[in-house]
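Make a model of the complete structure from these sequences and hints.
Number of protein chains: 2
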Amino acid sequence: MFYSYIKLIEFLVKEDGLMDNRPIGIFDSGVGGLTVMREVMEQLPYENIIYLGDTARIPYGSKSEQTIRKYANQCSSFLKSKDVKTIVIACNTASSIALNHVQKNFDLPVIGVIDPGARTAASVTETGRIGVIGTIATINSNAYQTKIMEYLHDAEVIGIPCPLFVPIVEEGWEYSNVAELTAEKYLDELIEHDVDTLVLGCTHYPILRNTIRKVVGPNVKLINPAYETARDLKKLLTESEMLNENYDKPRYEYYASDAPERLRRIGGNFLKKEINNLYEIAIDNL
Amino acid sequence: MFYSYIKLIEFLVKEDGLMDNRPIGIFDSGVGGLTVMREVMEQLPYENIIYLGDTARIPYGSKSEQTIRKYANQCSSFLKSKDVKTIVIACNTASSIALNHVQKNFDLPVIGVIDPGARTAASVTETGRIGVIGTIATINSNAYQTKIMEYLHDAEVIGIPCPLFVPIVEEGWEYSNVAELTAEKYLDELIEHDVDTLVLGCTHYPILRNTIRKVVGPNVKLINPAYETARDLKKLLTESEMLNENYDKPRYEYYASDAPERLRRIGGNFLKKEINNLYEIAIDNL
Numbered sequence: 581m582f583y584s585y586i587k588l589i590e591f592l593v594k595e596d597g598l599m600d601n602r603p604i605g606i607f608d609s610g611v612g613g614l615t616v617m618r619e620v621m622e623q624l625p626y627e628n629i630i631y632l633g634d635t636a637r638i639p640y641g642s643k644s645e646q647t648i649r650k651y652a653n654q655c656s657s658f659l660k661s662k663d664v665k666t667i668v669i670a671c672n673t674a675s676s677i678a679l680n681h682v683q684k685n686f687d688l689p690v691i692g693v694i695d696p697g698a699r700t701a702a703s704v705t706e707t708g709r710i711g712v713i714g715t716i717a718t719i720n721s722n723a724y725q726t727k728i729m730e731y732l733h734d735a736e737v738i739g740i741p742c743p744l745f746v747p748i749v750e751e752g753w754e755y756s757n758v759a760e761l762t763a764e765k766y767l768d769e770l771i772e773h774d775v776d777t778l779v780l781g782c783t784h785y786p787i788l789r790n791t792i793r794k795v796v797g798p799n800v801k802l803i804n805p806a807y808e809t810a811r812d813l814k815k816l817l818t819e820s821e822m823l824n825e826n827y828d829k830p831r832y833e834y835y836a837s838d839a840p841e842r843l844r845r846i847g848g849n850f851l852k853k854e855i856n857n858l859y860e861i862a863i864d865n866l
Numbered sequence: 581m582f583y584s585y586i587k588l589i590e591f592l593v594k595e596d597g598l599m600d601n602r603p604i605g606i607f608d609s610g611v612g613g614l615t616v617m618r619e620v621m622e623q624l625p626y627e628n629i630i631y632l633g634d635t636a637r638i639p640y641g642s643k644s645e646q647t648i649r650k651y652a653n654q655c656s657s658f659l660k661s662k663d664v665k666t667i668v669i670a671c672n673t674a675s676s677i678a679l680n681h682v683q684k685n686f687d688l689p690v691i692g693v694i695d696p697g698a699r700t701a702a703s704v705t706e707t708g709r710i711g712v713i714g715t716i717a718t719i720n721s722n723a724y725q726t727k728i729m730e731y732l733h734d735a736e737v738i739g740i741p742c743p744l745f746v747p748i749v750e751e752g753w754e755y756s757n758v759a760e761l762t763a764e765k766y767l768d769e770l771i772e773h774d775v776d777t778l779v780l781g782c783t784h785y786p787i788l789r790n791t792i793r794k795v796v797g798p799n800v801k802l803i804n805p806a807y808e809t810a811r812d813l814k815k816l817l818t819e820s821e822m823l824n825e826n827y828d829k830p831r832y833e834y835y836a837s838d839a840p841e842r843l844r845r846i847g848g849n850f851l852k853k854e855i856n857n858l859y860e861i862a863i864d865n866l
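Chains as they are written, first to last, in the working numbering: chain A, 581 to 866; chain B, 581 to 866.
Rather than coming from a laboratory, the hints here were simulated on the basis of the structure. Any given hint could be a false lead.
Identical copies look the same in the list; a pair holds intra-copy or inter-copy alike.
What the hints assert, rightly or not - Below 20 Å or equal to it, Euclidean Cα-Cα: the simulated SDA-like pairs (lysine to any residue) are:
1. K660 <-> L816
2. K829 <-> K852
3. K801 <-> N849
4. K814 <-> N865
5. K765 <-> G797
6. K765 <-> W753
7. K814 <-> T726
8. K660 <-> H733
9. K815 <-> E769
10. K665 <-> I740
11. K650 <-> D864
12. K765 <-> E854
13. K650 <-> A862
14. K801 <-> D663
15. K684 <-> G752
16. K660 <-> K765
Listed below in structure tokens is the structure:
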């Protein structure tokens, strides 16, 4: 009886748009999206979150577009089955290739990391010369380049794929001479082109931020799409009255499609927080 | 009628053990196994070969053992469907984890790359101090370490995972200062332990051979399991009278479970040969 009252109140409050305690769903091909989750946890500290790392099929970066769309669909289906109120595609590759596809297939708000990063880059650049770094697939997809030019027609955007950055971060070598030399090799062309803004277009790259800063110098604005995405998400939830206004300690759940222990071990460095409530799922069958 | 005679002769010759023109099947999680195929092409220049790169699910290195066994089974089923006479698991991760499993499930000779590399290392070392480098999964599986000690009980084997080597090779940076610094970082411990033999326990590493040689010095024996595996394969086919003694130009076919163009582009550097007869297949359904 008491429970029914609680449920009724919850329902009324929710219908009033004052409270929606359903979790936010976030997925990525692996651990990288945890940098996005971290920003969401900081900016939306009362939201319950479900994170899915599709570690069985990482990296998406070297897969075909058709395959990436299929994977993004399966990840979204899993999150939907957990009754999430919104989906964040916290993977640049999947955002660049599968966002429209997922938005079309699921009847809930879906946001990716490309648009927030691109919009911010277009708004803060002074010279219009913008660099984008990311995986081979993200850069080849031209997603950031195209999106930035939608916001700033005469922008000059240079994309550089940096495939070594991910394993450098996963080795914990972000402050090593290997990281610095690699960054110099990759970023040299951007420095020559005198970009004034640089988008860190891969979820692993914020961890290399200091090394990248050292190489590009103090005057280049570094854009972290994870931060901008969390800002957009907060705006979306606020405007559509979907914030959770239950100020209890939120619940965080983590799912990995393979080798969850690896997610726990490496993920801690991304999340700056211990990973508990971690479960393994079979993603192929979804 | 003429065709029937040919078939009859082929049958008789084959039954006599003088000729078996069925192809050799080789699979790997991606392009790396092409260094094994290259050795097989050199040492067995009349054999037809079918290569399968499971590029849709690369890398195996970060997957669980159960998943790797499933994938190896699916790759072997595909090759079996192409009527291969033998299967080479040209992937250290899959060899270390799934060889017995595949041998049990398929009624044809199956060889991996671990045993040939381990046996050679055990036989050429003088001090008994042997280093093994490979992916995280290969090293953590202890497959080389265990196998070397089967051949040489009192060997002292040190395994070092080198996850940056694969992307360095795939970037074409094998002669760069990044490659050298990375090799120094990884191999330092082996040099300190004064190993006299080093197993290149990942199919990508032979391409870094010169850089590794520079770092470890001229006195360390470098073992390339791809070369040793091709030698074992030649011995196996000779002894079981399964060599193809039709000395026509052999046929090479390549299959990729995703993004075949990437296999063609990067694979050329591994094979030192242009890749034609390349097809895409759906591996999940096997």
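To see whether the hints hold, each was checked on the structure:
no. : hint          : result
1   : K660 <-> L816 : within (18 Å within a copy, 53 Å between copies)
2   : K829 <-> K852 : within (17 Å within a copy, 59 Å between copies)
3   : K801 <-> N849 : neither (24 Å within a copy, 38 Å between copies)
4   : K814 <-> N865 : neither (32 Å within a copy, 41 Å between copies)
5   : K765 <-> G797 : within (15 Å within a copy, 26 Å between copies)
6   : K765 <-> W753 : both (16 Å within a copy, 10 Å between copies)
7   : K814 <-> T726 : neither (25 Å within a copy, 53 Å between copies)
8   : K660 <-> H733 : neither (37 Å within a copy, 54 Å between copies)
9   : K815 <-> E769 : neither (36 Å within a copy, 51 Å between copies)
10  : K665 <-> I740 : neither (35 Å within a copy, 45 Å between copies)
11  : K650 <-> D864 : both (10 Å within a copy, 12 Å between copies)
12  : K765 <-> E854 : neither (34 Å within a copy, 29 Å between copies)
13  : K650 <-> A862 : both (15 Å within a copy, 13 Å between copies)
14  : K801 <-> D663 : neither (38 Å within a copy, 58 Å between copies)
15  : K684 <-> G752 : neither (38 Å within a copy, 39 Å between copies)
16  : K660 <-> K765 : neither (42 Å within a copy, 44 Å between copies)
Violated hints for the displayed structure, listed by number in ascending order: 3, 4, 7, 8, 9, 10, 12, 14, 15, 16.
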